[in-house]
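Residues per chain are reported as follows:
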Amino acid sequence: MNNFLQAIDTLTIKFALTAVLLPLLAFVFNFLLPGRKSKLAGWISTVAILFSAVLSVSVFAKVWNTGHVVHQQVIWFTISNTVVYAGVLLNNLSALMLLLVPVIALPVHIYSTAYMKHDGNLNRYFAYLSLFCFSMLALVVADNLVLFYAFWELVGFSSYLLVGFWFTRDKAVQANKKAFIMNRIGDIGLLTAIIILFTMFHTFDIEKLFGAGNLVSKSTTITAKVILTGHATTYSSSWILFANSGNTALPIIWQYIAFAGIFLAVAAKSAQFPLHTWLPDAMEGPTSVSALIHAATMVAAGVFLLARVYPLFNDTELTILAVIGCFTAFMAASIALTQTDLKRILAYSTISQLGYMVMAMGIGAYTSSLFHLVTHAFFKCLLFLVAGIVIHQMQHIKEDNQLDIDPQNINNMGGLRKKLPFTFIVAIIGGLALIGLPFTSGFLSKDSILIQSFQWTDGRSGVFKLVPIVALLTTWLTAFYVTRLIVKVFFGELRLLHIKPGIKLHLSDGNWQYKLPLAFLVIGCVFSLFSINPFLYEQAWIFKGFAANGGLERENVYHSLVPIGVNILSVLVMYAAYAVYVKRKANPFPQKGVLFNLSFNAWYFDAIYNQIIVKPVLVLSRFAFWFDRRVIDGFVNLLAKAGLTLAKLSAWTDRYIVDGFLHLLVEIVRIISSFFRVFQAGKVQYYLFSMLVIILALFILKIVI
Amino acid sequence: MPSKWRGSFKYITLLATLVQLGMGIWIYCNFKSGAAFGGINHEGQFQFMQKLPWINLDLGTMGKMQIDYFVGIDGISVTLLLMSSVVMVIAALASWEITSNLKGFFVLFLILDMAVIGVFCSLDFFLFYIFYELMLLPLYFLIGMWGGARREYAAIKFFLYTLFGSVFMLLVMIGLYLSVKDPVTGNHTFNIIQMMNPANYEQGSVFSILSHQTLFGIQARTVGFIILFIAFAIKVPVVPLHTWLPDAHVEAPTPVSIILAGILLKVGGYGIIRVCVSIFPDIASANAYWLGLLGIISILYGALNALAQKDLKRLIAYSSVSHMGFVLLGIASFTTEGISGAVMQMVSHGFLSTMLFFLVGVVYNRVHDRGINHFRGLATIMPKYTVFVMIAFFASLGLPGFSAFIAEAFSLVGAFKSPSVNGLLPYWMAVCGSLGILLGAAYFLWTLQRMFFGRLNLKGGSVWRIALTDLNLREKIALAPLAIIALVLGIMPSLVFDKINDSVLALVQFMHLK
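So the protein lines, in turn, are chains A and B. Mapping of the first sequence onto this note's numbering: residues 135 to 839, in sequence order. Mapping of the second sequence onto this note's numbering: residues 6 to 519, in sequence order.
Treat each hint with caution, since some may be false.
As the list claims (entries may be wrong) - Computed far set for chain A versus chain B, every beta-carbon distance over 10 angstroms: (1) L159; (2) S214; (3) L227; (4) E287; (5) F332; (6) D540; (7) L799; (8) R804; (9) I805.
As the list claims (entries may be wrong) - Using 25 angstroms as the maximum straight-line C-alpha spacing, the simulated SDA-like pairs for lysine to any residue come out as follows: (10) A/K553 <-> A/L641; (11) B/K481 <-> A/R258; (12) B/K315 <-> B/L476; (13) B/K389 <-> A/L752; (14) B/K389 <-> A/L174; (15) B/K315 <-> A/T216; (16) B/K37 <-> A/A187; (17) A/K173 <-> B/T385; (18) B/K315 <-> A/P750; (19) A/K775 <-> B/L165; (20) B/K481 <-> A/N255; (21) B/K389 <-> A/G169; (22) A/K782 <-> B/F173; (23) A/K251 <-> A/L139; (24) A/K251 <-> A/L650; (25) B/K464 <-> A/P750; (26) B/K464 <-> A/L641; (27) B/K315 <-> A/V751; (28) B/K464 <-> A/W300; (29) A/K342 <-> A/L139; (30) B/K315 <-> A/V765; (31) A/K173 <-> A/A195; (32) B/K481 <-> A/G169; (33) B/K315 <-> A/F761; (34) B/K389 <-> A/R258; (35) A/K782 <-> B/R155; (36) A/K305 <-> B/L461; (37) B/K315 <-> A/Y219; (38) A/K251 <-> B/V392; (39) B/K315 <-> A/L139; (40) A/K532 <-> A/H797.
Everything labelled a hint here was simulated from the structure, so no lab data went into it. Cβ coordinates follow ideal geometry from the N, Cα and C atoms, glycine included.
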């Protein structure tokens, strides 16, 4: 029986691995494909992801809710006495993500074959897209933190490649640099956290660390003094693991630093405050990329990471998550109110929705967070694809009529519902799901978060009430900006006609490569895919898959009151927005004032970061170089000069003192000798005379003495 | 050789390096691993050993002077040896750009090659020192005669810097020689392995552990360690002894830059492990904090300097300083992870810096300019070149899947583990080290953005536009293996770790024996 089970597991693993590796194969193939543009590239990638999707469905069916974790690993490498494994870990969480990624990626691939077909570098595009899919799929099944980190960064790398796909545009390459560097901040946070966990628990294995009976939950924090045998470490308060193989302890601060590292990673990848500013800029990439990477999958990786390491967090840390998530949701929604770029509005909306997910993790609504991740993937991807169609059509208008307009500015749009009826309908459904009105999937997931946020505040001090209240407020802001977006794009008359009457319009929804993906994604926007009952999130099947559940019983009044309150007000807000914008007043609200500017300039985060981080770092680097040249090298050159001077000095000494002394000696000898030479003149009279003088002198001396 | 064979010199050199590479691969494949082959302080555990009496002067009553031709390799040297032979082949390929005085160039090149391999193999300090000094001379002429505009300054600076270190090393070497006796023959010896054993020190000699002799009021062993460390730290280079490096690199021709960055810097790191730490383990572990601190300073300071550069080659030179800082940090941790990471980093940086300098050489040969601001949008006219640049840059900034990631990550793991394993380094050092990874991303990506992306805009206008052709076959042949090696080592780091593990374990064990 055991063997049989193992064989099944092996098969499941093989399926999962194939699902992961197929896109890699497509990447390699497309990379090596000669030429730059061939239809083949698109189909290779699409077929690969199609098979991945099929395989992942079967993996999902085998793993989901069986209560059985499929985990196999092989030795990757041994570093001294630490063995690092590589393997596949399939539990409910990874099975869900493994299913979600190819299912979202498939329509995007199909869409891309049409959307990108005029691009000169089609092969490169699909190669990158497949690389992304590979990294993302590998990320969700990776069983240890080193692998996880590797794919975490590869995901960021493929995003870097895709954001900068049109590398001749300065804005695009600036955006991808910014995205990568901000993600790098998160990466080093994650790396630090991994290192701390490894030091503490001596393993990288996710299952051992966070799985059932995990090491993390066995560790405790104590505030007493700990002295471990082996070497004297004394900490006033410690994070300690009592294990058979020996206890390990770190100062308590490192538990918080591990959390901070993971939080940075999440904030970078999932665009949370304070590292959110890269995501709106990343919209410089092709729209299909934005749909897949910057709305549905990659940005959700941060939430996935939270789910993976969830047992690590203590109550304080969870509260921090909740507050930051809530703040991010509100801030991004408030920015989305005033933006005019179609994709940027959606980007801020993504940030806002990710904020909900992080907040949900923080308040303990683990499953709701993942549920929202799944539903959001569908409707946000849908909305981006819609945006892609709209932008494409605007681009056509621009090119056909040689206009100088920004095809992404919603102020130029309007009235497109007649020209693009299919797009319009799916956009409405997607928009309603984003707002979270009943009968959509967004209703189920968002309301479950809101309800649980109210429950969470029970028994906490009044300040915490702000969290659910701000979250509520944010849903109304969401209702407003979504309505504004849809009305400005689809209702009324085409704005361009007011500016330039008589322009030619050839607009259409596009062929099946556009329509099929949209239709496919719409299925995920309605309740029926997730729950039989459109009103009760508690009955959604996703909730049955995770242990860390809360708020499933309709135990209190929140379960009825919150959805009703939220939705009635949302509808009112929507009507208001509709009423305001459909009348096509140019600027129904004053375009000035502190609040407007704050929102329009995205709370000035970019400017602030530029001033207080980027510039000082550059100044510091210039200073370092100056220091290097002037001080260190200056010192070295000074030494060299000193050496030279010393050499000159010694040469001088040699010449004038040492040699001089010798010359002096010579001179003295010469003087003495020439003095005596005087006496040796060879005249006898002279000799006689001198003898007489000496004898006289002797006598005188004798007499005197 | 007559000079009419001028055209064939480069082929002969290439052939020689290829043969050397073949031998390197053979040695690597036949290198046995296992606890019985740890090396470090056990003479019997070295492999491919050769020991011949070389200089045996009978000094009458003072015994015999014993200098052996003693070579052998253990896990630490084998990977560096193979790496060096690969780098030499690439450097030979890069030498195609040399046009003047070919005979002299290739003669010096091969002498240098011999000296480098000699350093990595010698186990006799005297032999080691001779090879070590032998590297200097050819390099001095290679930079001084085939270099750029300020070549004399750079060459002299390089030469004096390194000589400064090695002259004092000579003193320590003689001191060690006088302190250590071969237990078998009873003679004084230069045998490095016997210098590691405290029992071999003569009672009351200068460097004996037990006698606590002092020089200038400091423990003699500390003085010895510091002097040896400075000698090797100049080579690594460790801030603040690094300023010869940017000048030497900027002025040196491409093949010499490749050898400098790819191999010479590793000689420093290798020397620290083989000589400094192994002979003075007590002092090394007592001063680990300062070693680690210097490592951190090198990482951050090098990275910040790189960020400020306007010359591509100088940028890469400073990035070398930063990356070699990880080596020092890893060694300073004295944990198995840290030292393995450090060796891995040396191997990985050997390949990657070779690649980077080769790539700089490509663009410099075409237009004789390297100013980062003078180019823009190169990706449009040199797509293949850009692909290689991206591989090299991303591999260098530690993208997982390439070798540098594993190396840097494990250096940091080692550094972080150190306080709880042996209490040598504080926790914050690892955290600061990881900031270097962030800065690495910043300067490489900024360069990519400025030079390769955006609209095409060259300082030299249409002349440059014509001159800047994409990679030719020779360049592709040189670059492709490097890219593949970097990738393979990143995916299968066991290729390196399997060979070095036993030696690293032996070293760490030896360190704790004291």
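Hint check results:
1. With a minimum CB-CB distance of about 16 angstroms to chain B, A/L159 clears the 10 angstroms threshold, and the non-interface call stands.
2. With a cut of 10 angstroms on Cβ distances, A/S214 falls inside the contact zone with chain B, its closest approach being about 3 angstroms.
3. The beta carbon of A/L227 sits about 22 angstroms from the closest Cβ of chain B, which is more than 10 angstroms, so the claim that it is off the interface holds.
4. Separation of A/E287 from chain B is inadequate, the least Cβ-Cβ distance of about 5 angstroms not exceeding the 10 angstroms criterion.
5. With a least beta-carbon separation of about 6 angstroms from chain B, A/F332 fails to lie farther than 10 angstroms from that chain, contradicting its non-interface assignment.
6. Non-interface call for A/D540 relative to chain B: holds, since the shortest CB-CB distance, roughly 19 angstroms, exceeds 10 angstroms.
7. Here A/L799 stays apart from chain B, with its beta-carbon at least about 35 angstroms from theirs, past the 10 angstroms limit.
8. The non-interface label for A/R804 is consistent with chain B: the shortest C-beta to C-beta separation is roughly 43 angstroms, beyond 10 angstroms.
9. With 10 angstroms as the threshold on Cβ separation, the claim that A/I805 sits away from chain B holds: the shortest Cβ distance comes to roughly 45 angstroms.
10. Under the criterion of a C-alpha separation no larger than 25 angstroms, the hint pairing A/K553 with A/L641 is consistent with the structure, at around 6 angstroms.
11. Distance hint between B/K481 and A/R258 is fulfilled; the C-alpha atoms sit about 20 angstroms from each other, no more than 25 angstroms.
12. Taking the CA atoms of B/K315 and B/L476, the gap is about 24 angstroms. The hint holds against a cut of 25 angstroms.
13. For the proposed pair B/K389 and A/L752, the alpha carbon gap of about 31 angstroms is over 25 angstroms, so the pair is violated.
14. Straight-line distance between C-alpha atoms of B/K389 and A/L174 comes to about 22 angstroms, which keeps the hinted pair within the 25 angstroms bound.
15. A distance of roughly 42 angstroms separates the Cα atoms of B/K315 and A/T216; the hinted pair therefore is violated under the 25 angstroms criterion.
16. Annotation: proposed proximity of B/K37 to A/A187 is violated, straight-line Cα distance about 45 angstroms (limit 25 angstroms).
17. A threshold of 25 angstroms between alpha carbons decides the hint, and for A/K173 with B/T385 the separation of about 22 angstroms falls inside it, so the pair holds.
18. Distance check on the hinted pair: B/K315 and A/P750 sit about 18 angstroms apart at the alpha-carbon level, within 25 angstroms; holds.
19. For the hint pairing A/K775 with B/L165, the CA-to-CA distance comes to about 13 angstroms; that is within 25 angstroms, so the pair holds.
20. Restraint check for B/K481 and A/N255: the C-alpha separation of about 22 angstroms stays at or below 25 angstroms, so the hint holds.
21. Restraint check for B/K389 and A/G169: the C-alpha separation of about 13 angstroms stays at or below 25 angstroms, so the hint holds.
22. Note on A/K782 and B/F173: the hinted pairing holds, with a Cα-Cα distance of about 24 angstroms set against a maximum of 25 angstroms.
23. A distance of roughly 47 angstroms separates the Cα atoms of A/K251 and A/L139; the hinted pair therefore is violated under the 25 angstroms criterion.
24. Taken as a hint, the A/K251 and A/L650 pair is honoured in the structure, with Cα atoms around 17 angstroms apart against an allowance of 25 angstroms.
25. Straight-line distance between C-alpha atoms of B/K464 and A/P750 comes to about 29 angstroms, which puts the hinted pair past the 25 angstroms bound.
26. Restraint check for B/K464 and A/L641: the C-alpha separation of about 44 angstroms exceeds 25 angstroms, so the hint is violated.
27. Distance hint between B/K315 and A/V751 is fulfilled; the C-alpha atoms sit about 16 angstroms from each other, no more than 25 angstroms.
28. Proposed proximity of B/K464 and A/W300 is supported: the alpha carbons are some 23 angstroms apart, at most 25 angstroms.
29. Proposed proximity of A/K342 and A/L139 is supported: the alpha carbons are some 21 angstroms apart, at most 25 angstroms.
30. Note on B/K315 and A/V765: the hinted pairing holds, with a Cα-Cα distance of about 19 angstroms set against a maximum of 25 angstroms.
31. Restraint check for A/K173 and A/A195: the C-alpha separation of about 34 angstroms exceeds 25 angstroms, so the hint is violated.
32. Taking the CA atoms of B/K481 and A/G169, the gap is about 18 angstroms. The hint holds against a cut of 25 angstroms.
33. For the hint linking B/K315 to A/F761, the alpha-carbon distance of about 16 angstroms falls within 25 angstroms, and the restraint holds.
34. Using a Cα cut-off of 25 angstroms, the hinted pair B/K389 and A/R258 holds, with the two alpha carbons roughly 13 angstroms apart.
35. As the CA atoms of A/K782 and B/R155 are separated by approximately 24 angstroms, the hinted pair is consistent with the 25 angstroms bound.
36. Among the hinted pairs, A/K305 with B/L461 is consistent with the structure: their alpha-carbon atoms are about 15 angstroms apart, no more than 25 angstroms.
37. For the hint pairing B/K315 with A/Y219, the CA-to-CA distance comes to about 43 angstroms; that exceeds 25 angstroms, so the pair is violated.
38. For the given pair, A/K251 sits about 23 angstroms from B/V392 by alpha-carbon distance, which is consistent with the 25 angstroms threshold.
39. For the suggested pair B/K315 and A/L139, the alpha carbons sit about 62 angstroms apart, so the restraint of at most 25 angstroms is broken.
40. A distance of roughly 97 angstroms separates the Cα atoms of A/K532 and A/H797; the hinted pair therefore is violated under the 25 angstroms criterion.
The structure is inconsistent with the numbered hints 2, 4, 5, 13, 15, 16, 23, 25, 26, 31, 37, 39, 40, although it conforms to all the rest.
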